[in-house]
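Peer 1: With the hints as extra help, turn the sequences into a complete structure.
The residues making up each chain are set out below.
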Amino acid sequence: MLHIKNGIVIDPKNGIDAEKMDIFVKNGKIVEESEVKGDVKVIDASNKLVVAGGFDMHAHIAGSKINVGREMRPEEMRTVRLVAGKFRASIGRVLLTSPAIGYEYAKMGYTSAFEAAQPPVGALHTHEELDAIPMIDKAALPVFGNWHFVLKYVAEKNWEKLRTFIAWAIERTKGFGVKVVNPGGVEAWMYGGNCKSLDDEVPGFGVTPREIITALIQETENLNLSHSVHLHCNNLGTPGNYETTIESMKLASKFSNDRRQVLHVTHVQFNAYSGSSWRDVGSGAAEIAKYVNSVDNITIDMGQPIFGHATAMTGDAPFQFTLHKLTGARWSNKDSEIEGGAGIVPIGYLPKNPIHALQWAIGLELGLLVDSDKVVLSTDYPNGGPFTEYPYIMAMLMSRKMREKELERVSPYVQKATGLAAIDREKTLFEVIQMTRSLPARVMGLDSKGHLGFGADADIAIYNFDPLTVDVTNDFETVYKVFKTSAYTIKGGEIIAMNGELVKEVWGRTFWVDATSKVEMEAIESDLDEMFSKYYSLERQNYGVEESWIKKPERLVMG
Amino acid sequence: MLILKPKFDFEISVEAEITPALALATDEEISNYQVYYGKDKAKLSDLFEISREGDDAKLLLDGDFSKVKWIGARMDEGEIVVKGDIGDHCGAYMTGGKIVVEGNALDWIGAEMKGGEIEVNGNVRNYVGCAYWGNMTGMTGGKITVKGNAGNYIGEKMGGGEIEIMGDTGDFVGTEMKDGTIVIHGNCGFVGGDMKGGTIKIKGNFELVPGFRKVEDGFEGDVNAGGKGKVLQL
Amino acid sequence: MAEEVNIICTFCGSVCDDVQFDLEKFKGKKFCKLGSSKFSKKERIKAPMIDGKEVSYEEAIEKAAEILVNAKRPLLYGWASTVNEAIRLGVLLTEKVRGVYDQCASVCHAPGTLALIEEGVPGGSLGEIKNRADMVVFWGSNPMEAHPRHPVRYSVRAKGLLIKDRKDRKVVVVDVRKTKSANMADLFIQIKPGYDYPVLSALRAIIKGEEDAVPEEVGGVKKEQLKELAEMMKSAKYGAVLYGLGVTQSRGRDRNVENAIKLIQLLNRYTRWIIWPMRGHYNVVGAGEVPAWEAGYTYAIDFSRGYPRFSPGEFSANEILQRGDCDAALIIASDPAAHFPKVSVKHLKKIPVIQIDPFPNMTTLLSDVVIPSAVAGLEAEGTAYRMDGIPFRVKKIVDTEYWSDEKILELMLEKVNELQR
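Residue numbers (this note's numbering), protein chains in the order written: chain F, 1 to 559; chain C, 560 to 793; chain V, 794 to 1214.
A couple of the hints might just be wrong.
Unchecked claim - No farther apart than 30 Å at their CA atoms in a straight line, the calculated lysine-lysine pairs in the BS3-like style are these: (1) C:K598 - V:K1208; (2) V:K960 - F:K152; (3) C:K673 - F:K352; (4) F:K352 - C:K737; (5) V:K1027 - F:K325; (6) V:K1001 - V:K1015; (7) F:K325 - V:K1001; (8) F:K86 - V:K1208; (9) C:K600 - V:K1143; (10) F:K325 - C:K755; (11) V:K1200 - F:K551; (12) V:K1208 - F:K504; (13) C:K787 - V:K1027; (14) V:K1016 - C:K737; (15) F:K504 - C:K598; (16) V:K865 - C:K600; (17) V:K1015 - C:K787; (18) C:K787 - V:K985; (19) V:K1001 - F:K534; (20) F:K152 - V:K1030; (21) F:K86 - C:K598; (22) V:K963 - F:K534; (23) V:K985 - C:K755; (24) V:K1016 - F:K534; (25) V:K1001 - F:K196; (26) V:K820 - V:K831; (27) C:K602 - F:K86; (28) F:K534 - V:K973; (29) F:K161 - V:K952; (30) V:K1015 - C:K773; (31) V:K1015 - C:K755; (32) C:K760 - C:K706; (33) V:K1208 - C:K564; (34) F:K86 - V:K865; (35) V:K1027 - F:K196; (36) F:K504 - V:K1200.
These are calculated hints, taken from the structure and not from any lab test.
Peer 2: Below, the structure written as structure tokens:
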């Protein structure tokens, strides 16, 4: 049991903005004072900020992609963070080993991180790696947008089968929701092509990205899953693509859900370029922000690039090949049964490179211009760079002065091609806490996360600064430093890190969503048998992950 | 000058990142200088007999150092003389000074070196002046001279400097080389794959990989890398 | 009625998962020769032993823990024929005793890993080859003998989405001799031993339109024939190069694979091609994947400084043994005494050796501590990765007195922790 005394609490979900309060913890949950009696550990949080643990809802932290990244980049693994002793050895520059991922999140005050793209046939591998990440809670989003079952049912307009298949697939992969990556485009890549517009036809199926996205939103909503469709748009990384992004967002307009958004568009920075070529490329962030702010059924995350090393890894295989051709860098690709594909290419963001600086500025524009209850802070780790630099993004959003200073060191192209320099807006600490805690929890549909109300998971971060006295717009250096390492990180009621040092190794839960009771599996039984025997190279009976194989599974039954 | 002699035959390899700068340290600092002996950290004086002659920045390694790795790595000035054989990574990343190995050297000699000189009287094994795994560029400056023979992978991804092998070498001379010069006085195997720039001069027989065109004074390629490297007969 | 169950074969990298096993007859349907020999009643190591004397599991494991803790630089080698759960404990154990982790790939397919570091690997799963590949090139690989069911299940005669018939697919074998696999090929190209690298360079130059930089004959192959092959490759819709030890364990090694990958990169500018290694042991992929997520690298990992470092040719098992650079060894699911050069075996004989294996082999004879284990896929379950990285949970279908590798290593790790405390 814990008593966190006299902290200055910011808890956006419960409308608490820098109020001095006490927080009580029992059995891993936040409880009322009356429930805490006897042997209570008191943490003096006087003049300290107390918030919910951070929640990274979109990162590539487990599975074949990040692991191939590690394997192809030994130069990434030579940074030593911790020598083995009480804790595991921890290494990595931007790409980290599994223990390092858990440790670094914990040190920063983050307590949950979700793997954003799980190749379904590789689900067991993803779960093995999630199980190797200590400290945090986790989950994985299986990828749907190029899976032949989906393409087939969309072509047949058989919504019952599509819905049933979604429930089957999430159960089999022990996944959390419906991730869609370049719908149709990755199937086209198997023929050397791509689907760059929403109306490009997917070879062999006669369907379009427009139809795939719409159908997946429709059936995800019919199942009323915890999380909405999570979309990596078509045409990523191309000048002029912001229009495709807005067009994709509009596909959600006829759907609504009073609990959450019906479409989450991810790492939008990579899909927010105006212009017609790399010569006249500019920012489409303002137009995207205008659209997102005007509707109440869409959320996004930033995909903010951080200057320095990064590794591009996505299920968007054709884009990864384009990137390889553009930079000449190493390129890994994986075409995966009849489910889609993926690619991996090392990249770096240089402040003086006009394109990189543009990407950096667009990410910030999105973070600033989009309402704080609609934009989640992310780097799309490791695509935009390390998650350990989230404090940099937080500080930048809160301080125009810091942005002005940073703008001096980046390519002047940014001044011409983006509106960043003219943005006065400074997000408040309350808003930044919202963007890193309560909003991602709401986007994922997890009521017990991202806040400090009674009954919430006791995932708490305490930072060494007093929001009542620190001026976040002027003291941006302090803000950056303070958010890099928490004074305390508490996970499930246990202190796991203090002042940047690990205290205790704990193992978080793996959430997965079970919607099977909402469908009749009979609807797709014969299709499953047929597709497996014809097009898979493994038996249907050996496909998927059983709950008992996962270290600490937590099933969320969709009612 | 600081003189080191192994106290006994090392059972397993020793990692000793020592440079001539050590000769300028106090006796106590030298004696306590940390080296690695398997999982155990050891003091330099646990493994070596230490003596001094004069006070110049020079190391004399007297005896069999073939199980001792990383000698002279990152050194920037001074001199190291190895009386016998030397282990892996000798002179890696060095920027200046001189290393003379009177015996043979193992792998990764002068890897990613930027300046200075390395001379080996005997033979060397593989990865001479190469880039470490995952890195883009091998040696960029300085000179490596080998009086004997060399193994495979010579000057891969080399970005500058010179490698001269008096004897024969194995395969993959100057693969993905960008700049600098490699001179082979003996025979060698595959030469020049994906060469982008720089010059390779060979006296003996060699096997030029496809991708080179005959030009006036030799060959130019590799066309597969859009390269303008030169391979010349000495 | 005899009970038949589905099993997943734990012999080669094909990891065939369609085998029906008759428990009473102890025989499987659909097995190839290699699989059925593994899943038959074979001679086993009877009991745990220290210096040839039978002891309990606990005693043997305690002794093993002592050896590892007392060593300055223990080598923990093998891993390719056990499951991920055991491999993970092996990596943790190596980190604890600050030893060297290495696995069987370092003497077979590790050059492919090095090529991955240089260029990445444009690949695909076996199902994609079955569904789409209208051209398959076996380069220095001999599936008919090393992966007998691969051609039927995945590559040569497999039917799928776009490939409805054997005639829809061109099969090419490139090798230094006419192998059994060459007999099933539409085209066989014989190259001079040790000349894979220049042949690949020549193909790249031809495809790039720079054929004037290619001599009339390369590696024993006429330029005309190379042009023919290049044209076939360029006009395929979806091709796959499946390479084997002929490429990785002959002159050129990792550079051969790197050159082949560069060829595939180039071909993808015109059409779709993938490349993939024909991995040998059933979980040699896991033996690389698990340490990659736990410690950043796939093999040749030294933990002497308390954190992982990677250096093939320095920390790989054979190199370490040849140089006499370890003072104890744990050998699991492997037989270096039979397969390593004499000088390496000589060093193994000099140092304390712990063996964990279901079956007796040459290494058993020189081991001080022998710990028999259950056969994964038959007597123990766990995760294994097929050659294309697709994970399977291999099954336990019969009971045994033998401990699983996982259980043995769990206790060994516990004992090491106790001794270090």
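Peer 1: Next, verify each hint and record whether it holds.
Peer 2: Now the hints, each set against the structure:
no.: 1; hint: C:K598 - V:K1208; in the structure: 19 Å, holds
no.: 2; hint: V:K960 - F:K152; in the structure: 27 Å, holds
no.: 3; hint: C:K673 - F:K352; in the structure: 26 Å, holds
no.: 4; hint: F:K352 - C:K737; in the structure: 24 Å, holds
no.: 5; hint: V:K1027 - F:K325; in the structure: 18 Å, holds
no.: 6; hint: V:K1001 - V:K1015; in the structure: 18 Å, holds
no.: 7; hint: F:K325 - V:K1001; in the structure: 15 Å, holds
no.: 8; hint: F:K86 - V:K1208; in the structure: 16 Å, holds
no.: 9; hint: C:K600 - V:K1143; in the structure: 24 Å, holds
no.: 10; hint: F:K325 - C:K755; in the structure: 18 Å, holds
no.: 11; hint: V:K1200 - F:K551; in the structure: 16 Å, holds
no.: 12; hint: V:K1208 - F:K504; in the structure: 22 Å, holds
no.: 13; hint: C:K787 - V:K1027; in the structure: 26 Å, holds
no.: 14; hint: V:K1016 - C:K737; in the structure: 28 Å, holds
no.: 15; hint: F:K504 - C:K598; in the structure: 25 Å, holds
no.: 16; hint: V:K865 - C:K600; in the structure: 10 Å, holds
no.: 17; hint: V:K1015 - C:K787; in the structure: 26 Å, holds
no.: 18; hint: C:K787 - V:K985; in the structure: 29 Å, holds
no.: 19; hint: V:K1001 - F:K534; in the structure: 37 Å, violated
no.: 20; hint: F:K152 - V:K1030; in the structure: 22 Å, holds
no.: 21; hint: F:K86 - C:K598; in the structure: 17 Å, holds
no.: 22; hint: V:K963 - F:K534; in the structure: 20 Å, holds
no.: 23; hint: V:K985 - C:K755; in the structure: 27 Å, holds
no.: 24; hint: V:K1016 - F:K534; in the structure: 40 Å, violated
no.: 25; hint: V:K1001 - F:K196; in the structure: 27 Å, holds
no.: 26; hint: V:K820 - V:K831; in the structure: 11 Å, holds
no.: 27; hint: C:K602 - F:K86; in the structure: 25 Å, holds
no.: 28; hint: F:K534 - V:K973; in the structure: 28 Å, holds
no.: 29; hint: F:K161 - V:K952; in the structure: 26 Å, holds
no.: 30; hint: V:K1015 - C:K773; in the structure: 20 Å, holds
no.: 31; hint: V:K1015 - C:K755; in the structure: 27 Å, holds
no.: 32; hint: C:K760 - C:K706; in the structure: 16 Å, holds
no.: 33; hint: V:K1208 - C:K564; in the structure: 39 Å, violated
no.: 34; hint: F:K86 - V:K865; in the structure: 20 Å, holds
no.: 35; hint: V:K1027 - F:K196; in the structure: 25 Å, holds
no.: 36; hint: F:K504 - V:K1200; in the structure: 25 Å, holds
Comparing the model with each earlier hint shows violations of hints 19, 24 and 33; every other hint is respected.
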